[in-house]
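Participant: Here is what each chain is made of, one letter per residue.
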Amino acid sequence: MGTKLESGVVGSEEEAGSRAPLLSIRSVAKSFGRNIVLRNISLDVSEGEFLTILGESGSGKTTLLRIIAGFESASAGEVWMGNERLDRQPPYQRRVNTVFQNYALFPHLTVEENVAYGLRVSKRPDAEVLTRVSEALSKVKMSAHAKSKPAKISGGQQQRVALARALVNRPRLLLLDEPLSALDANLRRQMQVELKSLQREVGISFIFVTHDQEEAMVMSDRIALLRSGELEQVATPREIYGRPATAYAAQFIGHTNLLKCEVKDGIARCLPLMWITKVPEGPALFSLRPENIRLATGNVGIVGTVRVRGRVCQQAFHGATELIRVECGNGLVLAVRIAGRDAEAAPMGEIELEFSSSDAVPVRESPDRI
Amino acid sequence: MFSRAYKTAVTLPPLVWVTAFLLMPYLLMFCYSFWSVSASQTIVHSWNLDNYRQLLQVDVYWQTLLRSMWIAARVTIFSLLLGYPLAYFLSFYAGKRKDLLYQFVIIPLWVSYLVRAYAWKTILGSEGVLNTLLQYAHLTRHPLEFLLYSPFAVVLTLTHIYTPFAFLPIYAALEHIPRNLVEASHDLGATPRQTFWKVIFPLSIPGVVAGATFAFVLSLGDFLAPLLLGGPSGIMISNIVVSLFGAAYNWPLGAAISLCMLLLVLGLLFCSERLEKKWSFS
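Those protein sequence lines, which keep their order, are chains A and B.
Taking the numbering used here, I'd label the letters of the first sequence as residues 1 to 370.
Taking the numbering used here, I'd label the letters of the second sequence as residues 1 to 282.
Calculated directly from the structure, the hints in this document are not laboratory data.
All values reported here derive from a predicted model rather than from experimental measurement.
Errors might be hidden in some of the hints.
Cross-link-like lysine-lysine pairs, in silico, DSS-like; alpha carbons within 27 Å at most [claimed, not checked]:
1. B:K198 with A:K149
2. A:K139 with A:K152
3. B:K121 with A:K149
4. B:K278 with A:K152
5. A:K196 with A:K139
6. B:K96 with A:K147
7. A:K147 with A:K123
Selected chain B positions facing chain A (in silico; Cβ < 10 Å) [claimed, not checked]:
8. P13
9. A119
10. T122
11. E183
12. A190
13. Q194
14. V199
15. G267
We treat Cβ as the ideally placed atom computed from N, Cα and C, and that holds for glycine.
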């Protein structure tokens with residue numbers, strides 16, 4: 001068979017891969033006894049994507065990850081990778097690797113042996129194992145510790161070894177279960193950046209589980225927000241922040257003011273605020289980010305700008321910005337984020353605020369679930 | 001944190017106990033092993049190495065010691081072969097029945113040693129359960145003689161009695177293995193068999209060493225099972241020590257043999273501790 005033909009075949013497969021999703025989760029549900037953990041989850045992950053599953057503890061995010069890895073079986077639904085049905089394979093046959101929450105490094109093996117494990121069990125030739133292991137270790141900057149036992153290296157270093165151990169197998173998909181949660185804040189920020197650039201470099205799809213919304217925002221191509229076992233919204237960080245679909249999404253990701261309004265004749269009323277909207281008549285909920293509200297400037301009566309007077313009742317200094325709470329009458333209290341220097345300059349008693357009505361984003365109510 | 005007086009008050013009683021009932025007797029035994037017995041059956045307090053010389057020169061002593069070690073070694077191997085799979089099954093696959101099954105392993109320890117040894121006598125004897133059954137099934141014509149009063153009977157009984165002692169440390173070691181290591185191994189493509197040999201077994205070695213030590217040391221010093229079931233070919237070194245301290249009235253020689261055994265056991269404990277340390281990663 002000619003090489004040209006072979007490469008042609010490979011090329012067409014790759015093309016097909018970029019069109020079809022790499023991983024496809026279809027209507028997956030999971031319950032432990034009577035306890036329903038996941039309901040009707042459908043989610044696609046494309047080739048080379050960094051997807052974060054974000055949720056509070058108990059939202060089912062780890063369970064979803066374990067279903068993909070094969071440590072739990074779904075009660076209903078299917079998981080597909082390309083045209084392979086993944087959820088019927090035992091975990092050791094799936095081309096998926098996991099970075100565990102507390103790394104799960106084998107304590108009796110050296111760093112090097114840990115990284116070589118996957119290649120050794122699949123009986124790769126020695127020479128290949130050696131080169132791939134040393135490559136992987138240098139990629140995560142752990143070559144100097146190759147002969148150490150895991151107990152002798154720090155948490156951040158163990159983290160890197162766990163990453164190398166997974167990546168050395170060249171999986172099509174890497175699962176990361178809160179891999180940074182055990183690190184202190186500084187190291188964590190550093191690892192976020194490193195992890196992100198590593199993912200770009202190797203081009204493997206990552207599914208990253210976290211409860212930290214900031215981490216999710218910094219790292220992800222897309223965020224899948226999970227709440228009580230159901231997907232709340234799946235979107236890019238910008239979209240989910242700027243256009244949250246639900247009240248829960250708006251509140252969980254970033255800080256927001258939720259305005260309960262009554263829409264009548266194309267006008268949303270949340271006294272003393274009023275603005276023109278296209279939302280259908282009836283009760284409606286709007287999310288207004290604190291940073292979208294500013295101190296009013298001279299010009300009055302610009303179309304689409306809402307103005308309101310209020311009294312500052314609380315002030316919290318955050319360095320570059322300051323979060324103030326303003327009583328606007330009628331029981332309405334707005335959280336407003338202003339630049340630190342504005343806060344110093346402005347008289348902090350009675351103030352006038354303004355925002356563009358387009359920044360008030362209509363959101364769905366998030367119903368309580370058990 | 002605690003006052004000096006309090007510390008003294010709590011450490012003194014056990015210290016006195018150990019000195020009076022452990023160290024002193026050993027010291028006394030040590031002295032005896034260098035003394036001798038006169039023709040008129042009195043202990044002569046003259047220091048010499050005759051007893052140790054006798055131990056090496058008289059065949060029956062060192063042969064019995066070797067046979068005892070060989071019996072203990074077989075008991076150890078069989079206890080591990082029984083105890084390990086049981087512990088492995090209980091720890092990894094028993095699920096909700098784990099605690100119940102664990103109790104079943106422990107319960108035999110509450111039954112008197114003598115009862116269990118006699119039970120084997122009734123099973124293995126020439127009119128016993130096993131022989132009757134074999135003859136009833138026409139598998140044998142005459143009672144099998146080797147079943148009772150033989151090293152076989154001793155090994156069987158000791159294995160039965162000491163398997164829980166081998167099981168317990170192995171079970172504890174297996175329970176200590178974080179389950180995410182097993183998951184990590186599967187995740188990296190290892191089959192269940194590879195996972196067992198590359199992760200689970202190496203991490204359970206401290207338990208295996210401790211279990212083997214228990215089984216070996218306890219059966220090496222055993223004298224009831226060989227007394228009840230061993231017959232002349234199945235006697236062990238402890239039976240000789242018992243008779244030397246009793247009917248034979250040769251305390252010095254008995255003390256010398258005991259001291260040798262003590263050294264043997266201490267050496268073994270030392271080695272097993274080194275091994276356990278080498279294989280433990282906490």
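Participant: Next step is simple, just say for each hint if it's right about the structure.
Facilitator: Hints, verified against the model:
1. B:K198 with A:K149: Satisfied, since the Cα-Cα distance of roughly 16 Å is no more than 27 Å.
2. A:K139 with A:K152: holds (20 Å)
3. B:K121 with A:K149: Distance ~52 Å between B:K121 and A:K149 Cα, so the pair is violated.
4. B:K278 with A:K152: holds (15 Å)
5. A:K196 with A:K139: holds (13 Å)
6. B:K96 with A:K147: violated (40 Å)
7. A:K147 with A:K123: Between A:K147 and A:K123 the Cα gap is close to 21 Å, so the pair holds against 27 Å.
8. P13: Where the cut-off is 10 Å and the nearest Cβ of chain A is about 38 Å from B:P13, the hint is violated.
9. A119: violated (41 Å)
10. T122: B:T122 check fails; min Cβ-Cβ to chain A is 46 Å, beyond 10 Å.
11. E183: holds (5 Å)
12. A190: holds (4 Å)
13. Q194: holds (5 Å)
14. V199: Hint holds; B:V199 Cβ to chain A Cβ min 6 Å, cut 10 Å.
15. G267: violated (26 Å)
Checked against the numbered hints above, the structure violates hints 3, 6, 8, 9, 10 and 15; every other hint is satisfied.
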